[in-house]
Amino acid sequence: MTTLPRPAPGAKKLGLVIDLDICVGCHACAVACKEWNSQGYGAPLSDQDPYGAAPSGTWLNRVHSYEAEPEGAPARLVHFPRSCLHCEDAPCVTVCPTGASYKRAADGIVLVNEDHCMGCGLCAWACPYGARELDRAEGVMKKCTLCVDRIYNETLPEADRVPACVKACPAGARHFGDLGDPDSAVSELVSARGGYDLMPEQETRPVNKYLPPRPRDAAACGGAAAAALPEPEAKGFLGWLDRALARLDAGGGETGGSETGSVEAVGGKGSGEGKA
Amino acid sequence: MNPAPSLILFTVLSGLGLGMIAWIGLGAGSDAPGFALAGPLVALLLAGIGGVCSAGHLARPDRAWRAFSQWRSSWLSREACLMVLALGAFALFAGLWVLSGIRLRPLGWLAAALALATIHCTAMIYAQLRTVPRWSVTPTPMLFLALGLAGGWLGVQAVVALAGGAAEVGLSLLAVLLGAGVAVHWQTAAAGARRLAAGSSLATATGLGGMGRLRLFEPPHRGQNYLLEEMAFRVGRRRAWQIRLIGAVLGFLLPAALVLLAWLVGDWALLPAFLAHVAGAMALRWLFFAEAEHVQALYYGAPER
Numbered sequence: 001m002t003t004l005p006r007p008a009p010g011a012k013k014l015g016l017v018i019d020l021d022i023c024v025g026c027h028a029c030a031v032a033c034k035e036w037n038s039q040g041y042g043a044p045l046s047d048q049d050p051y052g053a054a055p056s057g058t059w060l061n062r063v064h065s066y067e068a069e070p071e072g073a074p075a076r077l078v079h080f081p082r083s084c085l086h087c088e089d090a091p092c093v094t095v096c097p098t099g100a101s102y103k104r105a106a107d108g109i110v111l112v113n114e115d116h117c118m119g120c121g122l123c124a125w126a127c128p129y130g131a132r133e134l135d136r137a138e139g140v141m142k143k144c145t146l147c148v149d150r151i152y153n154e155t156l157p158e159a160d161r162v163p164a165c166v167k168a169c170p171a172g173a174r175h176f177g178d179l180g181d182p183d184s185a186v187s188e189l190v191s192a193r194g195g196y197d198l199m200p201e202q203e204t205r206p207v208n209k210y211l212p213p214r215p216r217d218a219a220a221c222g223g224a225a226a227a228a229l230p231e232p233e234a235k236g237f238l239g240w241l242d243r244a245l246a247r248l249d250a251g252g253g254e255t256g257g258s259e260t261g262s263v264e265a266v267g268g269k270g271s272g273e274g275k276a
Numbered sequence: 001m002n003p004a005p006s007l008i009l010f011t012v013l014s015g016l017g018l019g020m021i022a023w024i025g026l027g028a029g030s031d032a033p034g035f036a037l038a039g040p041l042v043a044l045l046l047a048g049i050g051g052v053c054s055a056g057h058l059a060r061p062d063r064a065w066r067a068f069s070q071w072r073s074s075w076l077s078r079e080a081c082l083m084v085l086a087l088g089a090f091a092l093f094a095g096l097w098v099l100s101g102i103r104l105r106p107l108g109w110l111a112a113a114l115a116l117a118t119i120h121c122t123a124m125i126y127a128q129l130r131t132v133p134r135w136s137v138t139p140t141p142m143l144f145l146a147l148g149l150a151g152g153w154l155g156v157q158a159v160v161a162l163a164g165g166a167a168e169v170g171l172s173l174l175a176v177l178l179g180a181g182v183a184v185h186w187q188t189a190a191a192g193a194r195r196l197a198a199g200s201s202l203a204t205a206t207g208l209g210g211m212g213r214l215r216l217f218e219p220p221h222r223g224q225n226y227l228l229e230e231m232a233f234r235v236g237r238r239r240a241w242q243i244r245l246i247g248a249v250l251g252f253l254l255p256a257a258l259v260l261l262a263w264l265v266g267d268w269a270l271l272p273a274f275l276a277h278v279a280g281a282m283a284l285r286w287l288f289f290a291e292a293e294h295v296q297a298l299y300y301g302a303p304e305r
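For the record, the sequence lines run as chains E and A. Each step along the first sequence adds one to the number in full-length UniProt numbering, with nothing skipped, and position 255 is 255. Each step along the second sequence adds one to the number in full-length UniProt numbering, with nothing skipped, and position 283 is 283.
Treat each hint with caution, since some may be false.
What the hints assert, rightly or not - Part of the chain E face toward chain A, derived, beta carbon under 7 angstroms:
#: 1; residue: H116
#: 2; residue: E201
#: 3; residue: L241
These are calculated hints, taken from the structure and not from any lab test. Just so we're clear, the structure is a prediction, and the values are computed from it rather than from any experiment. Glycine included, each C-beta is placed from N, C-alpha and C at the ideal position.
Model the full assembly from the supplied sequences, consistent with the hints where possible.
The structure is reproduced here in structure tokens:
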């Protein structure tokens with residue numbers, strides 16, 4: 001059924017909380033996901049031309065890296081794993097014409113019945129997050145299953161009953177739990193760290209949350225910007241040479257209005273401050 | 001979005017066929033011998049070929065029958081169900097007309113209503129996608145209905161002319177002009193419907209907007225993937241202006257000129273008018289897909305506009 005379930009208040013909502021402050025961008029989660037989902041549940045995630053000139057393939061988790069450049073402070077690199085958010089108002093489910101795409105009432109996991117999927121691709125179009133990829137070998141839509149074949153698998157040791165990406169993360173940036181329970185560890189993490197939704201304007205109400213990178217201490221890292229580095233103070237012969245060159249620069253600075261001239265002027269100003 | 005030929009053929013041909021069904025069901029077309037057979041046959045063929053083309057977009061066409069199951073929630077499923085009902089009702093109407101010479105009006109009206117509802121569902125498959133502002137914030141259902149009805153009217157009149165009947169030349173000119181007007185209306189709305197029209201940017205996609213100016217530092221992979229092929233289509237956008245000109249000339253200007261010519265040289269000129277309109281509609285439908293931007297591409301560093 002491609003209508004969305006109406007879960008009772010307090011119903012289980014399994015999902016991930018991803019800490020962007022901790023993620024180091026090692027792609028171990030993506031590789032572990034690819035490995036686990038190429039065996040067992042559903043069709044294996046295939047690759048096309050894997051050792052050729054133009055390899056491509058199906059992945060359920062992909063790690064982007066973004067550069068954030070604040071005003072007047074050095075840029076920061078944020079590694080950003082992207083996978084299915086198991087939305088409460090999942091548009092991928094309601095658009096499905098065959099009934100293959102569904103959201104489980106019991107735990108909120110969004111899944112694809114691969115025996116019913118006809119590979120029309122409309123669910124991938126409906127998803128704002130690029131969480132669904134059509135497997136080119138099998139011709140069915142693949143997506144994150146939250147490792148349903150791990151989390152309920154009683155043949156695995158209890159410590160391993162978490163999604164493969166969570167188990168693999170060496171930095172502890174990925175957390176798995178019940179986001180429908182306000183007292184769960186993941187829910188407390190979300191409220192303590194200000195966990196947020198991706199693209200809230202699309203009104204999909206994602207279950208997965210992202211924790212923002214913590215702000216950097218301005219005093220500790222503000223000086224790391226090259227523009228803010230102080231000019232070293234020159235003494236002795238080098239100091240005399242510096243002053244002589246500064247005079248030379250002051251003489252020629254009036255005629256030269258080029259870009260290199262202005263750079264020299266900045267240097268001259270810096271050395272002047274160093275002497276004061 | 002990737003302008004798959006299967007989807008262009010499907011939406012254009014089924015729209016034309018269903019438009020013809022709507023007009024013939026409402027009583028258009030002549031009593032000239034031959035039209036009772038040829039008119040409905042062309043309409044059913046166009047809609048049928050369009051429907052078959054849609055299966056070309058499926059990775060598992062053997063499971064296409066399952067698409068009739070989710071009419072409660074899915075526009076694609078509703079479209080499939082209504083298409084079969086519309087074709088069935090119209091085939092019955094046309095069969096009775098050919099065999100007994102009687103046009104069963106209420107059945108024709110039912111077929112017409114089902115045909116128009118089917119075109120609306122086809123449009124809603126695209127118009128429902130908030131992820132593609134160019135389809136969802138524009139009057140896409142109006143565009144599909146207008147082009148289906150304008151093209152359908154031209155098709156009916158072309159077959160009337162070929163069957164030796166008296167074609168409605170004046171109304172054909174009106175159909176072309178109204179179709180052109182709606183196309184321009186849609187295009188005006190689409191011109192501003194970029195990703196930001198849905199309020200989406202790299203800042204909302206990542207939630208990192210508060211950290212400063214954002215840019216993609218490194219993509220997750222070097223090669224192509226399904227997402228980029230399907231939803232980050234770029235090839236040909238730089239030729240959009242020329243293709244839109246071709247669409248406007250073939251789709252509306254040339255048909256309008258040929259319809260005017262029909263007054264001078266005879267109704268047969270409606271046939272090239274219809275064929276030119278179909279070619280122009282194909283060009284415009286190619287742009288409908290190729291120019292549409294998906295918010296998902298923001299994650300891959302697509303320009304924010």
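Each hint, compared with the structure:
no., hint, verdict
1, H116, "6 angstroms, holds"
2, E201, "4 angstroms, holds"
3, L241, "40 angstroms, violated"
The structure is inconsistent with hint 3 alone, although it conforms to all the rest.
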